[in-house]
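Participant: Sequence:
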Amino acid sequence: MGHEDNEEFFKGRGAQVNTHNKFLKNKYVLEHIEGLDEPLLENTATQLFEETPKKIVSESNSPDLSHMYSINPYQGCEHGCIYCYARNTHEYYGFSAGLDFERKIIVKRNAPELLEQYFNKKNYKPVCILLSGNTDCYQPVERRLKITRSLLQLFLKYKNPVSIITKNNVILRDLDILTELAAMSLVHVNVSITSLNEQLRQKLEPRTVTATGRLAVIQKLTEKGIPCRVMAAPIIPGLNSNEVPAIIKAAADRGALSAGFTIVRLNGSIGEIFTDWINKAFPDRAEKVLNMIKSCHDGKLNDSDFGRRMSGEGKIAESIHQMFKMACNRFMADREMPEFDYSLFVPKNGKQTSMF
403 MGHEDNEEFF KGRGAQVNTH NKFLKNKYVL EHIEGLDEPL LENTATQLFE
453 ETPKKIVSES NSPDLSHMYS INPYQGCEHG CIYCYARNTH EYYGFSAGLD
503 FERKIIVKRN APELLEQYFN KKNYKPVCIL LSGNTDCYQP VERRLKITRS
553 LLQLFLKYKN PVSIITKNNV ILRDLDILTE LAAMSLVHVN VSITSLNEQL
603 RQKLEPRTVT ATGRLAVIQK LTEKGIPCRV MAAPIIPGLN SNEVPAIIKA
653 AADRGALSAG FTIVRLNGSI GEIFTDWINK AFPDRAEKVL NMIKSCHDGK
703 LNDSDFGRRM SGEGKIAESI HQMFKMACNR FMADREMPEF DYSLFVPKNG
753 KQTSMF
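Okay, so the sequence shown: first residue is 403 according to our numbering, each after it adds one.
Calculated from the structure, these hints are not laboratory results.
The reader is advised that the hints may include incorrect statements.
[Claimed, not checked] List time: in silico BS3-like cross-link candidates among lysine-lysine, alpha-carbon distance up to 30 angstroms: (1) Lys750 / Lys456; (2) Lys727 / Lys622; (3) Lys456 / Lys548; (4) Lys548 / Lys524; (5) Lys524 / Lys456; (6) Lys524 / Lys457; (7) Lys456 / Lys506.
[Claimed, not checked] Across the chosen pairs, the derived CB separations fall in these ranges: (8) Asn525 / Asn731: 35 to 45 angstroms; (9) Pro647 / Lys626: 26 to 36 angstroms; (10) Ser460 / Lys690: 35 to 45 angstroms.
Because the structure is a prediction, the values reported are computed rather than measured.
C-beta: ideal position from N, C-alpha, C; glycine also.
Given only the sequences and the hints, what does the whole structure look like? Please build it.
Facilitator: Written as structure tokens, this is what we have:
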């Protein structure tokens with residue numbers, strides 16, 4: 403039985419509850435309310451809040467992350483992916499990691515100004531910066547606000563490498579900038595595909611672009627010479643774990659040069675949110691899926707141990723690893739992402755005029 407048979411299931415959102423917030427920090431003034439393109443059964447709207455941070459580039463020393471530097475122009479995400487690890491960060495803003503995360507979006511309009519200041523720091527040396535390490539920089543509100551586009555214009559202006567991860571086709575709007583960056587070996591794009599099954603995708607990620615649409619993004623970017631990697635992430639044992647080979651093949655067929663994956667982990671409030679969701683969306687296999695996830699993380703839903711938290715351990719995790727490795731060897735053996743060119747960066751004493 404799926405959620406079609408469950409009258410308690412709210413369509414159009416991922417989380418079905420607002421969990422308790424353990425923190426009360428950083429209060430914001432409501433800017434305005436933006437109606438969504440698709441009507442919701444619960445008749446809610448997305449609210450935008452504005453933050454004016456003093457810095458925009460975050461640095462991480464985590465040994466199991468490939469990018470040390472990242473920018474998140476938005477906090478919270480309308481995509482509503484039920485498994486999203488970024489949900490917990492919403493609690494620091496005084497909101498819930500549940501429904502609030504999907505409908506109370508914090509925007510950072512001064513992000514481009516802060517990035518230009520970052521590039522102009524006296525001792526700055528070019529590093530690859532990730533858009534977005536936390537929430538999707540191409541979520542629906544980006545269509546109008548264009549903060550991500552302004553950031554990309556700066557990466558192009560200063561010729562600084564940038565890596566992007568998204569599951570939204572709004573990225574195609576910026577083909578002009580991305581094509582120029584790619585011509586100088588300054589950009590990588592990572593397209594996240596969790597499932598090729600549209601019914602499952604709608605439940606896991608209710609407000610995202612279809613898998614077909616994301617595959618089209620890979621193909622269109624590749625045709626323009628923009629290097630793409632597919633991220634089969636997260637893999638949820640018992641839900642989408644059998645799709646790993648098909649996802650990698652489909653992406654490879656459209657030009658993807660590389661692939662990556664993670665095994666789902668449900669830290670903090672996400673465990674409660676996911677457990678509530680799966681009991682409503684998949685009541686017939688909820689217990690089995692939860693137990694399979696626990697088996698990958700030392701008997702727990704949450705996992706903060708470096709080296710295990712992203713990849714899992716145990717028999718189920720190992721079988722997923724082997725499946726992924728075999729698929730990559732079969733469909734992407736002769737491919738690799740190009741190296742970034744850090745030599746082109748325009749330093750502070752270069753002939754540049756501030757855009758802000």
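Participant: For every hint, state whether the structure bears it out.
Facilitator: Consistency of the hints with the structure:
1. Note on Lys750 and Lys456: the hinted pairing holds, with a Cα-Cα distance of about 20 angstroms set against a maximum of 30 angstroms.
2. Restraint check for Lys727 and Lys622: the C-alpha separation of about 26 angstroms stays at or below 30 angstroms, so the hint holds.
3. Distance hint between Lys456 and Lys548 is fulfilled; the C-alpha atoms sit about 20 angstroms from each other, no more than 30 angstroms.
4. A hinted pair counts as satisfied when its Cα atoms are at most 30 angstroms apart, and Lys548 with Lys524 qualifies at roughly 28 angstroms.
5. Simply put, Lys524 and Lys456 have alpha-carbon atoms about 18 angstroms apart, close enough for the 30 angstroms limit, and the pair holds.
6. About 16 angstroms separates the Cα atoms of Lys524 and Lys457, which keeps this hinted pair within 30 angstroms; it holds.
7. The suggested pairing of Lys456 with Lys506 holds, with an alpha-carbon distance near 21 angstroms, which does not exceed 30 angstroms.
8. For Asn525 and Asn731, the Cβ-Cβ distance of about 43 angstroms falls inside the hinted range of 35 to 45 angstroms, so the restraint holds.
9. Distance hint for Pro647 and Lys626: a CB-CB separation of about 27 angstroms, consistent with the stated range 26 to 36 angstroms.
10. At about 37 angstroms, the CB distance of Ser460 to Lys690 agrees with the hint of 35 to 45 angstroms.
Of the numbered hints given earlier, the model fails none.
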